[in-house]
Amino acid sequence: MSSDTLHAATPGIRRRSAMSGGSRIDRKRQRWGWFFVAPFALIFIGFLIVPLVYAFWMSLQTSTLATGTQFTWFANYVKAFTDPIFLEGLGRVAAFAFIMIPIQMLVALAAALVLDTLTSWLSKFSRLMIFVPYAIPVVIGALMWGFLYSPRFGPATDIFGLFGLAAPDFLAQSAIFGSLINIVTWQWSGYYMIIIYSALRGVDPSIYEAARIDGANGWQTATRIKVPMISSSMVMVLIFALIGTLQFFTEPQVLRSVAQGAIPVSYTPNMYAYTLAFSYSQFNYASAIAFSLGIIVFIGSYIFLFFTRKQSGLK
Amino acid sequence: MALTTETALLVQPAATPSAAERRARSEQSDAGRNGGRRIGSHVFLVILVIYFITPLWWLLVAATKDNSGLFTGTGGSLWFDDNFAFFDNVAGLFERQGGIYWRWLGNSFLYAFAGGLGATVLSVMAGYGFAKFRFRGRNAFFSVLLGSVMVPVTALVIPTFMLLSQAGLINTIWAVILPSLLSPFGVYLMRIYTQDSVPDEMLDAARVDGAGELRIFFQVALPLLKPALVTVLLLSVVGTWNNFFLPLAVLSDPQLLPVTVGLNGWTALSNAGAGGEQVWNLITTGAFVSIIPLVLSFLFLQRYWQGGLSLGSVK
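So the sequence lines, in the order shown, correspond to chains A and B.
If you count the first sequence from 1, position 72 lands on 72 in the UniProt record's numbering, and the numbers rise without skipping.
If you count the second sequence from 1, position 225 lands on 225 in the UniProt record's numbering, and the numbers rise without skipping.
These are calculated hints, taken from the structure and not from any lab test.
It is possible that some hints are incorrect.
[Said to hold, decoys possible] Looking from chain B toward chain A, a few residues come up when the C-beta cut is under 8 Å (computed):
| id | residue |
| --- | --- |
| 1 | Phe71 |
| 2 | Phe135 |
| 3 | Val151 |
| 4 | Leu156 |
| 5 | Met162 |
| 6 | Leu263 |
[Said to hold, decoys possible] Residues of chain A clear of chain B, computed beta-carbon distances all greater than 12 Å:
| id | residue |
| --- | --- |
| 7 | Leu65 |
| 8 | Ala66 |
| 9 | Thr72 |
| 10 | Trp73 |
| 11 | Lys79 |
| 12 | Ala94 |
| 13 | Pro102 |
| 14 | Pro168 |
| 15 | Ala172 |
| 16 | Gln173 |
| 17 | Ala175 |
| 18 | Ile176 |
| 19 | Gly215 |
| 20 | Thr223 |
| 21 | Pro228 |
| 22 | Pro264 |
[Said to hold, decoys possible] Now the in silico label distances, taken between C-beta atoms and shown as ranges:
| id | chain 1 | residue 1 | chain 2 | residue 2 | range |
| --- | --- | --- | --- | --- | --- |
| 23 | B | Phe218 | A | Tyr302 | 31 to 39 Å |
| 24 | A | Ser281 | B | Gly265 | 17 to 25 Å |
| 25 | B | Ile47 | A | Phe98 | 19 to 27 Å |
Idealized CB from N, CA, C, for every residue including glycine.
With the rest of the complex left out, here is chain B:
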């Protein structure tokens, strides 16, 4: 990430070695020492990894089983069944209720990206506005915003539901997307980051050169803000993707549900014991398929989120 390096250069004299360089050096001198402690630490890590990974391993295995395999599999619940039914299960997902599962998955993507992208655009603009312009009401507004970070989102679901229903928006995609655009924490992060990484002198120089405010925002500020932007995008996409209470309350049309609410519905029906509704194999396969995109993107975008997630906490 060339951008982070640039930011680092802006805030630190280039001559002093960065904490990372010093850390690398001190780690080299560490090597070979503390051998015993390392074994202990690694054992501890292996135990943690087993704990965190077992449910996912179970899900992977369960997605390859049919209904009877789930109950009385030949290899137990943590190993594959003799009968490999993964592709049958996926086919089952296409058949059940006219392939509504794929519709749900598509809805989840739509909500997460529309909500997440929108929230990011609003947060970047607002954070930049708060950080780089003085305007009347700025401090008052920002104090209210800071306080609102602590308002629990779920407390807003019921009044939002009632307002949306008065506006005739219940059971539309807007009932999920519009409330997801709200991200006070994103604005807070963007403001702090903008203050630190976009020097006023740079903006003033651009103004002297005759650039308009919009052009300055897009061509001078935005490139510097990329690391924080990725973080806010990630947090808001994951937030919307994860949201359960809001769609549960504002959507009842099965065609509009996100995959989380849909699968939860299948589970509730299967648990209720209705004979024709026992679709355990489809639930496990559906859950497995639905987590693949996010897990993969987290693994591949590692270098982007790892730095970003702590933006708010390191000051």
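Same shape as in the complex, but just chain A:
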């Protein structure tokens, strides 16, 4: 397997800290450096720095029909952080993060650990099948689950009927939280599983042999050796999941039209900002919401990275 070769190589690779050993930095080389970086720098400035600065600038203003556009400093932020709708959305994505991320990571880790100990055709096939949802666009995934949840189209009635039970309504207000968690777990666990699995393949198996000689059983090897060895990829997965969860938008937005009334337009902060901007043309307040969310995600993941910098290897 060629992927094994690649992963076998990775642990041996160490980042070279110094640049080309002591060669002098002349003007020409400097210019070539910028030549290679410049095209990206243009896009980076045009579609990241400028929009961020512009969003911040917009968020400091308020425009009303009566008074026109006025510079109101942080009034929009005060409004945002006292706006029960925004705070409720924030609380909701926090709740999603606390429940959804551990579930996804557990599924991904369990699948990766099992796959790592097996070499049968079934394990190869399973690895592909668990990963396949990643190839499905999130919108299509959410649409499919919308159909599956639906009492009109879905198999739930048949399946529960086999046991003589009435199917629960997955699209009811009380169930929608769990239904969304299921969609996200289905869509992303396979991707995280591949990242963790690849990291596991890179671990030198002589470590496991040493553990076996010391009398460790499979469970101990998994929890005390494998998991700590791959902690950097776990941190990576966690950061991906955290960033993704806090900007939750597509799944609830798609499910909204299927689950009549169970998902309000302000279900997540992103949906709220979208509605404010495109349904109510409140671009200033929408910018403040989007910017606040961006700051929260940024600070959240930065703090997280700071506390796990030993595991993640990021400096």
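Take the given structure of chain A and dock chain B to it, following the hints.
Leaving out everything else, chain B in the frame of chain A:
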């Protein structure tokens, strides 16, 4: 993949067996042991596969049904209907609104490939520039870039929309393609990979031989960077293909929509209960047809993505 082997040889003395070889040996000695645990593991895998594959199976079946078959099919929702309507449904996709579905599918391809290819070219160049040249502002720029990996993309959608509308680019293909060129994570991956797999000595030797910087980049560095290049291409194509928020915000002309936004529109209309708009069979068939290209390419390009996806996490 001959290239990965080459990279492996560069970073590891050829005499020591690679982790993969050692792993293969230890797996051989494992065979026959732990028989009971294997059965348990396989059962666990089968359950996982059923969970991950059922929605796709449902979609395959649903694509072969007409509207009434979807509601009251003879075989339930997880089995085929007596009336096999797949080809009628595909014909329906050509008829509805003048075959706009195929236009949407084409748009998705255009956006994914223009955005994905462009982002890859920019990332490879920038990653190489950051890794192999010292220039003024390099460290400052790279720190900003690292931080920006954690800026949620959705926070950029609203200001990007406003900037694009001032530039008169709303409702053009550029409104989707240009922002998709931004891939700070791709640059980060390319920089790390370039540092590890393109030795400075090789570049210096080429310089001594009188090769120009461009020629060195294309003929010396690029071949070594292929594995990471494939990964970045894959991640950015999938990212653009999946993007929902951006096209939803910046496009309103039905002729320009990607297939995800278009199908979501059909679903919203069908759910709204408008009699003439109930096109459930076209939605399921359209969703099924739209996921075929990506799922197939993931299955066939397995050996390329499996190694690559963990590039960022294994260090």
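Verification of the supplied hints:
no.: 1; hint: Phe71; result: holds (6 Å)
no.: 2; hint: Phe135; result: holds (3 Å)
no.: 3; hint: Val151; result: holds (6 Å)
no.: 4; hint: Leu156; result: holds (5 Å)
no.: 5; hint: Met162; result: holds (6 Å)
no.: 6; hint: Leu263; result: holds (7 Å)
no.: 7; hint: Leu65; result: holds (19 Å)
no.: 8; hint: Ala66; result: holds (22 Å)
no.: 9; hint: Thr72; result: holds (18 Å)
no.: 10; hint: Trp73; result: holds (19 Å)
no.: 11; hint: Lys79; result: holds (16 Å)
no.: 12; hint: Ala94; result: holds (15 Å)
no.: 13; hint: Pro102; result: holds (17 Å)
no.: 14; hint: Pro168; result: holds (16 Å)
no.: 15; hint: Ala172; result: holds (16 Å)
no.: 16; hint: Gln173; result: holds (17 Å)
no.: 17; hint: Ala175; result: holds (17 Å)
no.: 18; hint: Ile176; result: holds (15 Å)
no.: 19; hint: Gly215; result: holds (15 Å)
no.: 20; hint: Thr223; result: holds (15 Å)
no.: 21; hint: Pro228; result: holds (15 Å)
no.: 22; hint: Pro264; result: holds (16 Å)
no.: 23; hint: Phe218(B) <-> Tyr302(A): 31 to 39 Å; result: holds (37 Å)
no.: 24; hint: Ser281(A) <-> Gly265(B): 17 to 25 Å; result: holds (21 Å)
no.: 25; hint: Ile47(B) <-> Phe98(A): 19 to 27 Å; result: holds (25 Å)
Taken one by one, the earlier hints all hold for this structure without exception.
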